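Top to bottom, those sequences are chains E and G.
In terms of full-length UniProt numbering, the first sequence opens at residue 1 and continues consecutively.
In terms of full-length UniProt numbering, the second sequence opens at residue 1 and continues consecutively.
Misleading hints may appear alongside valid ones.
Claimed, not checked - Keeping only pairs whose Cα atoms sit at most 25 Å apart, straight-line, the calculated DSS-like set for lysine-lysine is:
1) Lys62(E) with Lys300(G)
2) Lys194(G) with Lys163(G)
3) Lys395(E) with Lys25(E)
4) Lys62(G) with Lys300(E)
5) Lys8(G) with Lys163(E)
6) Lys151(G) with Lys8(G)
7) Lys77(G) with Lys54(G)
8) Lys139(E) with Lys8(G)
9) Lys17(G) with Lys366(G)
10) Lys62(E) with Lys25(G)
11) Lys62(G) with Lys297(E)
12) Lys50(G) with Lys77(G)
13) Lys334(E) with Lys382(E)
14) Lys139(G) with Lys163(G)
15) Lys62(E) with Lys40(G)
16) Lys11(E) with Lys11(G)
17) Lys54(E) with Lys62(G)
18) Lys197(E) with Lys8(G)
19) Lys81(E) with Lys297(E)
20) Lys8(E) with Lys163(G)
21) Lys197(G) with Lys8(E)
22) Lys382(E) with Lys25(E)
23) Lys54(G) with Lys54(E)
24) Lys62(E) with Lys62(G)
Read the hints as simulated data drawn from the structure, not as lab findings.
From a predicted model like this one, the values you see are computed outputs, not experimental measurements.
2 protein chains.
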Amino acid sequence: MKELQPFKMSKRFENVKLISAAAAKTPHDLIPLSFGFPAKEAYDVSLMAKCSSKAIEEGGYKSFEYGGATGPSRIVKWLKKRSEIRGIYAPEENILVTTGSGQAMDILARGLTNEGDEVWVEAPTFFGALRNFTLAGLKCRGFEIDENGLKVDLVEEALVAAKNNGLPMPKFIYIMPNFHNPGGVTLSLERRMKLAKLALAYNFFIIEDDAYTELNFSERVLPAVYQFAPQRVIYMSTFSKTIAPAIRMGWLVAPPEIIMQLRSLKADGSTSVLMQEIVAAYLETIDFDDHVGNISKLYKSRLDAMIKAIDDYLGDEVTYTAPEGGFFLWLTFKEEVATSLFEELALEKGVSFILGEHCYAENEEKNHIRLCFSYCDEEMCKEAIKRIAEAYYEKYPVKKLV
Amino acid sequence: MKELQPFKMSKRFENVKLISAAAAKTPHDLIPLSFGFPAKEAYDVSLMAKCSSKAIEEGGYKSFEYGGATGPSRIVKWLKKRSEIRGIYAPEENILVTTGSGQAMDILARGLTNEGDEVWVEAPTFFGALRNFTLAGLKCRGFEIDENGLKVDLVEEALVAAKNNGLPMPKFIYIMPNFHNPGGVTLSLERRMKLAKLALAYNFFIIEDDAYTELNFSERVLPAVYQFAPQRVIYMSTFSKTIAPAIRMGWLVAPPEIIMQLRSLKADGSTSVLMQEIVAAYLETIDFDDHVGNISKLYKSRLDAMIKAIDDYLGDEVTYTAPEGGFFLWLTFKEEVATSLFEELALEKGVSFILGEHCYAENEEKNHIRLCFSYCDEEMCKEAIKRIAEAYYEKYPVKKLV
Numbered sequence: 001m002k003e004l005q006p007f008k009m010s011k012r013f014e015n016v017k018l019i020s021a022a023a024a025k026t027p028h029d030l031i032p033l034s035f036g037f038p039a040k041e042a043y044d045v046s047l048m049a050k051c052s053s054k055a056i057e058e059g060g061y062k063s064f065e066y067g068g069a070t071g072p073s074r075i076v077k078w079l080k081k082r083s084e085i086r087g088i089y090a091p092e093e094n095i096l097v098t099t100g101s102g103q104a105m106d107i108l109a110r111g112l113t114n115e116g117d118e119v120w121v122e123a124p125t126f127f128g129a130l131r132n133f134t135l136a137g138l139k140c141r142g143f144e145i146d147e148n149g150l151k152v153d154l155v156e157e158a159l160v161a162a163k164n165n166g167l168p169m170p171k172f173i174y175i176m177p178n179f180h181n182p183g184g185v186t187l188s189l190e191r192r193m194k195l196a197k198l199a200l201a202y203n204f205f206i207i208e209d210d211a212y213t214e215l216n217f218s219e220r221v222l223p224a225v226y227q228f229a230p231q232r233v234i235y236m237s238t239f240s241k242t243i244a245p246a247i248r249m250g251w252l253v254a255p256p257e258i259i260m261q262l263r264s265l266k267a268d269g270s271t272s273v274l275m276q277e278i279v280a281a282y283l284e285t286i287d288f289d290d291h292v293g294n295i296s297k298l299y300k301s302r303l304d305a306m307i308k309a310i311d312d313y314l315g316d317e318v319t320y321t322a323p324e325g326g327f328f329l330w331l332t333f334k335e336e337v338a339t340s341l342f343e344e345l346a347l348e349k350g351v352s353f354i355l356g357e358h359c360y361a362e363n364e365e366k367n368h369i370r371l372c373f374s375y376c377d378e379e380m381c382k383e384a385i386k387r388i389a390e391a392y393y394e395k396y397p398v399k400k401l402v
Numbered sequence: 001m002k003e004l005q006p007f008k009m010s011k012r013f014e015n016v017k018l019i020s021a022a023a024a025k026t027p028h029d030l031i032p033l034s035f036g037f038p039a040k041e042a043y044d045v046s047l048m049a050k051c052s053s054k055a056i057e058e059g060g061y062k063s064f065e066y067g068g069a070t071g072p073s074r075i076v077k078w079l080k081k082r083s084e085i086r087g088i089y090a091p092e093e094n095i096l097v098t099t100g101s102g103q104a105m106d107i108l109a110r111g112l113t114n115e116g117d118e119v120w121v122e123a124p125t126f127f128g129a130l131r132n133f134t135l136a137g138l139k140c141r142g143f144e145i146d147e148n149g150l151k152v153d154l155v156e157e158a159l160v161a162a163k164n165n166g167l168p169m170p171k172f173i174y175i176m177p178n179f180h181n182p183g184g185v186t187l188s189l190e191r192r193m194k195l196a197k198l199a200l201a202y203n204f205f206i207i208e209d210d211a212y213t214e215l216n217f218s219e220r221v222l223p224a225v226y227q228f229a230p231q232r233v234i235y236m237s238t239f240s241k242t243i244a245p246a247i248r249m250g251w252l253v254a255p256p257e258i259i260m261q262l263r264s265l266k267a268d269g270s271t272s273v274l275m276q277e278i279v280a281a282y283l284e285t286i287d288f289d290d291h292v293g294n295i296s297k298l299y300k301s302r303l304d305a306m307i308k309a310i311d312d313y314l315g316d317e318v319t320y321t322a323p324e325g326g327f328f329l330w331l332t333f334k335e336e337v338a339t340s341l342f343e344e345l346a347l348e349k350g351v352s353f354i355l356g357e358h359c360y361a362e363n364e365e366k367n368h369i370r371l372c373f374s375y376c377d378e379e380m381c382k383e384a385i386k387r388i389a390e391a392y393y394e395k396y397p398v399k400k401l402v
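Bound-form chain E, shown alone (with noise of 0.2 Å):
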C-alpha cells in the first residue's frame, strides 16, 4: 500500500498563538506565578463532599438525566438574586449556565459573529480570549487602556472613523471591567456608561467579563455595564474563582431571543445537571459574603507582598496600578526592555510568570509580565520578585539589586 498522505487540519489552528512556556528546566522549587489559580485555601473541601452526597441522594434520579431544553433552576435562581448587587435586575431566562466562562466566550464568539468579523479588546486582554476570538476565525483590534481601564474615547473615535470611512463595525467589544486580566485596572464608572451608549447607538455587543468581581478589596462597587445597555451587553462570570475551577461552571446573562441561539452552539447540553445540583447545595450551605470576603482578604495580604517586594526589589525600575481586587499585577518595565530576554533565566532561578506581549491582538508590548498572586502565598510571593529582579539585573545591569 502507498504511503499514507499527510491531513491538513483546520486552518483555524494557524493563527493560534501559543503560550509557550520558557525552555529551561524546570527547577523543584518553582514558583508558579503564570495561571490564575486560585488559593488552595480558599477550598472548602470536606463541605464539598457532604453537599456532593447530599445533593445527589435528594436530587434522585432526576439529577442523573438530561438537562431538557433550559436545564435545571436552583443555580439560576441563585444567580438571578446574587447579580442584583451590581444593578443587574434580569429574570430567569436571561441566564445561561456554561461549563466555564471559556465555554460562555466560544458560544458568544461563535454566535455573534461569522468568520472573518472584525471584534475590538483591551490592549492587553485576556489571552483566552484572544485565542478563542481567533480559533472562531475573528480579526482582533486593540485599544489601550489606562488606570481607568479601556480608553473609551480612543473607542468612539474608531467607531466614527470608521463608519465614515466605511470601515468593519465591531461585532462585539469584550471587556473586563472590574481588576481587569492582566491590567489589574478597574472601568470607571463614566467610562461605563459612555461605552454602553456607543454599543447602543452603534449597534455592537459589549461581552463583559466580569470574572474577578467577587474578590474585591475596596470598599467600592461599581454598576455592571449590563445595567447601561442590556439589549447590548452581555454580561459573563464564572464560579471558577470563588469556589473551583474544577466544578467548571459559568454563566451569561443575555436577551432571551440570542440565549434560545446559543444553546445550540452549546455542544455538550445542559452543563453537568449533576454538578449544578452539587454546587446548588453548597451554595445554599454557605454564607456566600462571608466566604468571598475571607478569601478576598487572603488574597489581599498575598498581593500586598507581593507590592512591598517590588518597591524594594524593583524601585524605580518597573510601575503599576495596585488593583482594587482580582489575582493579577502587571508590571510594566521601562520601554526598551524586553521582559522574553529574562523569563528563561528567571525560570531557572524557579519563577514563572506569563510575557505580557502574550495578551496583545496586534502591537505587542514587550515591557510588561502578569504576575498572580492568588496562589502562592506571601513568602512565596516575596521569593518570586526576588528571584524575578535577579534575573531581570542579570539582563539587564541597570543598577545593583538592593
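With the hints as your guide, set chain G onto chain E.
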C-alpha cells in the same frame, strides 16, 4: 434616542433545522419515545452519592483545581483498558475525555475542516450530528444504509467519481457502526474493513461514534473500525448511556498530534476534574461488565415488548430491523406515507417520537419514525405503539386496527 436597530446573529444559525415538537397540547400521560434517555431504573443514586463524597475527600484540593495541560488520568487509564475489548490498543496520550460526546463531535467538526468543506454521513443519521456539522458550516452528503449498516460500496463509487471529476472529497465520514441511531443496524465486519481501507487510500477521517456499544443484546462483539486504520479513524463514545447523561462525560481516541490541536477548541479546558474524580471512583467501585449486562437485559425486554406490540398493532404496515443493542427502533412505513401527518394526532393521544425526516442531510425520507425503547417500561412501550397505530389508521385508514 433613536430606535435600536436589530442585530444580525451569525449566519451559521440559518441552516440549522429545529427538531420542533408537534404543536398539540401535551396530555398528562404522555409516553415519550422521542429522545435517547436511559431508564430511571438504570441509575444507582446511592452509590453515586457515596462515591462522590469519597472521591472529593480523597482527592482533596487537587480535585478542585484546573486540570492542567492533559487533565487527570484516572478515567483515561480506565478507558484505555476498557477499549481493548473492541480491539482498540491505544496509549493514554491518544485518549481525550470530553464533556459529553456532543463536545467531541463539535471539536472534531471544527478541528478537521474549514467552513464550506464537505463531510459525508449515513442516511439516516443522528440529527444531533447534523446540527453540529451544519453549525460548523459544513456541507453534509448522505449515503444509504441497509440491515448491514452503511452501504460502503456507494461510498467507494462516490469517492472514485469525486476524484475523477475533481469534485469535493469528504474531510470525514461520520458513522455509527453499532446499534445505529436511528437505524438500529450494525455495520458488518467486511464493510468495516473496507471503509477503513478507503479512508487510508483517499485520506479522509472516519469519525466512529460508538455511543451505544456497551448495550449489546447479542453474543456478537465486532471489532471497532478504529482497529483497521488507527491513523485515520477517530473513535468516540460516552458514559451518557451507561452511567448517566448528567455527568456530561464522553471521550475520543485519536492520534496525539490531533488531540493536541483539538484541546484548543475544547473551550471548557479539561472536562470537570471534580466530576472526573467522582466518575473514576464510581467506575472503580462497580463491576462494569455486570452493570452493562444488567441494563442491557432491561433494555432488551423493553425492545421485545415494543416489537411484539408493533407486530400486533401495525402488522404488515411497517418494516424494521430488530436492533442487537442500543436505544432505538427505526420504523419504516410504506413509501407513500408521510409520518408527519399523524405526529400531532399521536401526540394528542399521548405519545411522542422523532420524525424520521429530521435524520437526513438531504433527500429526506418522510415515511419513518424513530422510537426510543429505553426510557419507558414494557407496558408503556406497548401502550405507546397502540396509540401510534391508532393515530396512523385514523390518517391512513388502510385497514381496521386489530
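We went through each hint and held it up to the structure:
At roughly 23 Å between alpha-carbon atoms, lysine 62(E) and lysine 300(G) fall within 25 Å of each other, so this suggested pair holds. A hinted pair counts as satisfied when its Cα atoms are at most 25 Å apart, and lysine 194(G) with lysine 163(G) qualifies at roughly 18 Å. This hinted pair checks out: lysine 395(E) and lysine 25(E) have alpha carbons roughly 19 Å apart, not beyond 25 Å. Distance hint between lysine 62(G) and lysine 300(E) is fulfilled; the C-alpha atoms sit about 23 Å from each other, no more than 25 Å.
The suggested pairing of lysine 8(G) with lysine 163(E) holds, with an alpha-carbon distance near 17 Å, which does not exceed 25 Å. Among the hinted pairs, lysine 151(G) with lysine 8(G) is inconsistent with the structure: their alpha-carbon atoms are about 41 Å apart, more than 25 Å. Taken as a hint, the lysine 77(G) and lysine 54(G) pair is honoured in the structure, with Cα atoms around 19 Å apart against an allowance of 25 Å. With a C-alpha separation of about 18 Å, the suggested pair lysine 139(E) and lysine 8(G) falls inside the 25 Å cut-off, and the hint holds.
Distance hint between lysine 17(G) and lysine 366(G) is fulfilled; the C-alpha atoms sit about 15 Å from each other, no more than 25 Å. Using a Cα cut-off of 25 Å, the hinted pair lysine 62(E) and lysine 25(G) holds, with the two alpha carbons roughly 24 Å apart. Between lysine 62(G) and lysine 297(E) the alpha-carbon distance is near 22 Å, which keeps this suggested pair within the 25 Å criterion. As the CA atoms of lysine 50(G) and lysine 77(G) are separated by approximately 22 Å, the hinted pair is consistent with the 25 Å bound.
For the given pair, lysine 334(E) sits about 22 Å from lysine 382(E) by alpha-carbon distance, which is consistent with the 25 Å threshold. Between lysine 139(G) and lysine 163(G) the CA atoms are separated by roughly 17 Å; this keeps the pair inside 25 Å, and the hint holds. Only pairs whose Cα atoms come within 25 Å are accepted, and lysine 62(E) paired with lysine 40(G) is accepted, the gap being roughly 8 Å. Among the hinted pairs, lysine 11(E) with lysine 11(G) is consistent with the structure: their alpha-carbon atoms are about 20 Å apart, no more than 25 Å.
Using a Cα cut-off of 25 Å, the hinted pair lysine 54(E) and lysine 62(G) holds, with the two alpha carbons roughly 22 Å apart. Between lysine 197(E) and lysine 8(G) the alpha-carbon distance is near 19 Å, which keeps this suggested pair within the 25 Å criterion. Pair hint lysine 81(E) plus lysine 297(E) holds up; C-alpha atoms about 24 Å apart against a cutoff of 25 Å. Between lysine 8(E) and lysine 163(G), the direct Cα distance comes to roughly 17 Å. Compliance with the 25 Å bound is thereby established for this hinted pair.
Proposed proximity of lysine 197(G) and lysine 8(E) is supported: the alpha carbons are some 19 Å apart, at most 25 Å. Restraint check for lysine 382(E) and lysine 25(E): satisfied, since their Cα atoms lie roughly 22 Å apart, inside the 25 Å limit. Restraint check for lysine 54(G) and lysine 54(E): the C-alpha separation of about 12 Å stays at or below 25 Å, so the hint holds. About 29 Å separates the Cα atoms of lysine 62(E) and lysine 62(G), which puts this hinted pair outside 25 Å; it is violated.
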